[in-house]
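For reference, the chains in residue letters:
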Amino acid sequence: MELVLSAGIGVFAASGVWLMLRPRTFQVVLGLSLLSYAVNLFIFAMGRLTVGAPPVLGAVPEIVSVDDPVPQALVLTALVISFALTALFLVVLLAARGVTGSDHVDGREPHRVEPHPGNPLP
Amino acid sequence: MSPHLLVALAAILPFLGSAVAICLPGSARNTAAILAGGVMLVSLACIASLYPTVSGAGPVVWAVDWLPTLGVRIVLRLDSLAWLFAMLVLGIGALVVLYARYYMAAADPVPRLFCFFLAFVGAMLGIVLSGNLIQLVVFWELTSVVSFLLIGYWSDNASARDGARMALTITAAGGLCLLVGMILIGQIVGSYDLDAVLASGDAIRNSPLYVPALVLVLAGALTKSAQFPFHIWLPRAMAAPTPISAYLHSATMVKAGIFLMIRFWPVLSGTESWYWIVGGAGMATLLVGAWSAIFQHDLKGLLAYSTISHLGLITLLLGLDSPLAVVAAIFHVVNHATFKASLFMAAGIIDHETGTRDMRRLSGLWRAMPYTATLAMVAAAAMAGVPLLNGFLSKEMFLSEAVDNAGDHPLHLALPVLATLASAFTVLYSLRFIRQTFFGPPPHDLPHAPHEPVRWMRIPIEALVLTCIAIGLVPNLTIGPVLESAVRAVLGARTPDYDLAIWHGFNTPLAMSVGALIGGVVLYRAFGARINTNPRGGPWLMDRLDGGWLFERAMTGLVRGARVLEGWLGTERLQPQLRILFLAALTAALAAGTARGLDLIAPGRMTEFDPAFALMWLVGAACAIGAAERAKYHRLSATIFVGGAGLVSSLTFLWLSAPDLAVTQILVEIVTTVMLLLGLRWLPKRNAAIPVPASEEARGRRRRLIDLCIAGLVGFGMAGLAYAVMTRPAVDGISRWFVEEAYPQAGGRNVVNVLLVDFRAFDTLGEICVLGVVGLTVFALLRRFRPAPDSLERPLQQVRYDAYDGAREGREPGQTTADALLVPRLVTTWLFPFIVLLALHLFLRGHDLPGGGFAAGIAMTVAFMLQYMANGAEWVEQRLRIQPIAWIGAGMLIAALAGAGSWLFGRPYLTAFFAYWEPPLLGKVPVASALLFDLGIMVLVVGASALMLVALAHQSLRRTRAADAEAAAAAERMAEKEPA
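Protein sequences, first through last, are from chains A and B.
Here our numbering is used: the first residue of the first sequence is 1, the next is one more, and so on.
Here our numbering is used: the first residue of the second sequence is 1, the next is one more, and so on.
Check each hint, because a few of them may be wrong.
[As the list claims (entries may be wrong)] Taking lysine to any residue and the SDA-like style, the derived pairs with C-alpha atoms no more than 25 Å apart in a straight line are:
1) B:Lys685 with B:Glu793
2) B:Lys632 with A:Gly98
3) B:Lys632 with A:Val39
4) B:Lys685 with A:Pro23
5) B:Lys632 with B:Arg703
6) B:Lys685 with A:Leu93
7) B:Lys632 with B:Glu793
8) B:Lys685 with A:Ala96
9) B:Lys632 with A:Leu93
Bear in mind the hints are in silico, worked out from the structure with no lab data behind them.
Using the sequences and the hints, build the whole thing.
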């Protein structure tokens, strides 16, 4: 299990980083999403893996061995914040695309482009 | 009133007055002047009435804590020295207010001037009254900032702007040095309290940090007091209105540096470094200032350089390291303030009534304004050191100190000779000022016909000149006691015996004085005419050394250097930045890992392998890689792949005992995916026409290879790190405590939820604030959203539907579009109440079972979102009024107030409370105040996420509106064309 999960985290992180280094804004937004999955899983994994013992106490709240609740609480807020972050980036990308006419991360095409009809470059 | 209250009142009143003055309308010249004058008089009365207390019982100290952990307090400390300076600041300030009222034109925004003026008075009093080093620096910098505003008051004048900028650059830079110096002194002494510092002179002088501290403190003092070579800002500051020049650049601000040197004289002086730095700077300034003053044709320029020279004289006295010289320095501060302020005011009157300040054009004004001329002549005589006036007394003391402290080094003759020479220069320029302006033939072609000013404008000058004469005639009856107690406040037991008499018999200083007077007159007779026609403009010998030019060059160089550095080290492009960021993170992780022994495989605990889990992750990995590959041209499928990856991570949470995370993740996933889908519409179509030059293709390939390596390394690193940690045994941290105490202390069985809403509730409060802010930011950004023109076309599907409708009999265009999604629409409409119910269920069970405010909020958003998707924004908003901004505000308020509730019981913020309640039918229910907090979270999450989604969804309405507007405009154009 540990091996599978860590490999999965690695693949998520690698795909995320690759996308974040791409030139188009939408790629960067998706990359950020993937990277935040990887990081959330990573933080969660810091509490070690436990199968079938959620940190929810039974009807008689006796002390039992349960999964570490602290990384879970951290990840729970991180989930909501990364959602907000994705939303913000998406909107910034849309606004930038509207203002600059380009969906390149720098707001302009890297090399000179013939003006395309309906895509007026500054 | 108690003395403490009086001091505090005097210090605060100017700032209050300043705040009131800025609210006055621009034309309220009289109101502003009365306000400023009243403030000055009340503060003056407060300080003046404390004289008996201060001179008798010692300092009045009033303190409050400011940064107690750093030992920084706000301390107002009025001793005799501070009293003397405060009286100068307020007394001359009151006269300047009266003068400024008549000097300023009605067209100027006079209330603004008085606002800055009062703020300046407050800052100056702050310096003088500071009993704490850090507080002193704060007020010190405040004077720099306010003087910047005052010099640049006529901001449409380029020289005013440049002068203000130069003054700020030099004095504020000095102020920063002063701050560091003060911190060093504070470190040496162990306290920032002035009393403690003044009591530890030996400790400071013997510390290895003494020289750096001294240099830094003096950098502050010498820049502020315009000492060579920092004096260049003062002449350029003359672009300020004359009342301001009279006040800031003669009487007060430039004296702040002097004040600082006097204040710290007992602890910093008495060493070789002090002698050479302070004495050297003073001597150089005295000579350079006097020499340059001779060659000025502008009245204010002459007075500016003369001020520099007199400040040099005072600095030189302080550098001499003799108690008597300190007496002379304090005495000369008072004398210089009185005669120089009156001279500035006289120059202002001349400028005001004739329209020029050029001495080459002025002449014979004595006939037109005999009264002003007399006053100016007395003041100038005081400046030149003519007997029976105050300037004579302090200059005499200076000369005698110059003789007594010449020292026994080879230069011992230099000090008396240079002092006499500088005095002769002073006589020369004073004489030139009077002779050129008031005597000679009647003036011709002046901009205005000269005449006496209004009565009130002369009163300040009369008051100051009378002071000059009174001190000069009967020093012991006027300034004597005040000076005595001020000196005692500085020197304490080292106070020397001295005599303020006018006549000390025939001695060397008298001879030097007489020599200087005669020398000055002779020099004027010899060179006066040649100075007027000086072809080179600047002072002889020094015209090549233009400080202003050097300053400008230095500033340009600084800016250019910064640009070059930015070019090397910075980039505006995102990709290189991110690349560097990832590489830096990799390097840091690698360095940390190798330092502690890179040991990834630690065969410890392992969870049993499950093939289903591996299969699931196979799908997850495929999704992630698929997303990475498809995101460039196939955004829709990439979005779906990312959704798949999110689903796998949600299932992983569920598998590995984190049901809360699984629920929240899957809900967030839904909302994020919908948002991305909403955004897709505004992105450009695939543009195959972007030509890539052949040279770029190879570079692009190389760049992608590098990126692939970086991504691979990051992935490998994270995987390795995760594996290394997971296989090690868990550390027994704080988690056990949370698990054990969740039920007994917070009454919740779901430990994660208890952590969020109870134990770590303050963190959560911060998180929801972030969420609310992001929601509002998205809303604000989208309000001004301007879609790219190529995104404005109608979607292909709608166009096809309409074409279908148009081709068939009996169908209106748009009918098919309106009928689309009929079944899902019906289903989602029915689903709405059930999803809301689910959300409420998630919310209510959150404290004991997986769920909670976050999940419930997002579930509620999904309910709204489904309606928008299936039925369209217009349909939903006709039936449902969602006001997301109100939801955000309400959520914030509920959460904050739920936390504040604990105050009612005298407990700290966000202390949770819980009890059991037995309503009929339901049985025993735990009621926790944390539930209320969780409600706030839910409401805010609904508001923020709904706000984002609705704002995005509304863009398609805007598109329709934009298209409609375009169609209307086109129709209008057609209609216009037709008649033609």
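Checked hints:
Restraint check for lysine 685 (chain B) and glutamate 793 (chain B): satisfied, since their Cα atoms lie roughly 12 Å apart, inside the 25 Å limit. For the suggested pair lysine 632 (chain B) and glycine 98 (chain A), the alpha carbons sit about 19 Å apart, so the restraint of at most 25 Å is met. As the CA atoms of lysine 632 (chain B) and valine 39 (chain A) are separated by approximately 23 Å, the hinted pair is consistent with the 25 Å bound. Restraint check for lysine 685 (chain B) and proline 23 (chain A): the C-alpha separation of about 16 Å stays at or below 25 Å, so the hint holds.
For the suggested pair lysine 632 (chain B) and arginine 703 (chain B), the alpha carbons sit about 16 Å apart, so the restraint of at most 25 Å is met. For the hint pairing lysine 685 (chain B) with leucine 93 (chain A), the CA-to-CA distance comes to about 15 Å; that is within 25 Å, so the pair holds. Restraint check: the Cα-Cα separation between lysine 632 (chain B) and glutamate 793 (chain B) comes to about 22 Å, which is no more than 25 Å; the hinted pair holds. A threshold of 25 Å between alpha carbons decides the hint, and for lysine 685 (chain B) with alanine 96 (chain A) the separation of about 16 Å falls inside it, so the pair holds.
For the proposed pair lysine 632 (chain B) and leucine 93 (chain A), the alpha carbon gap of about 15 Å is at most 25 Å, so the pair holds.
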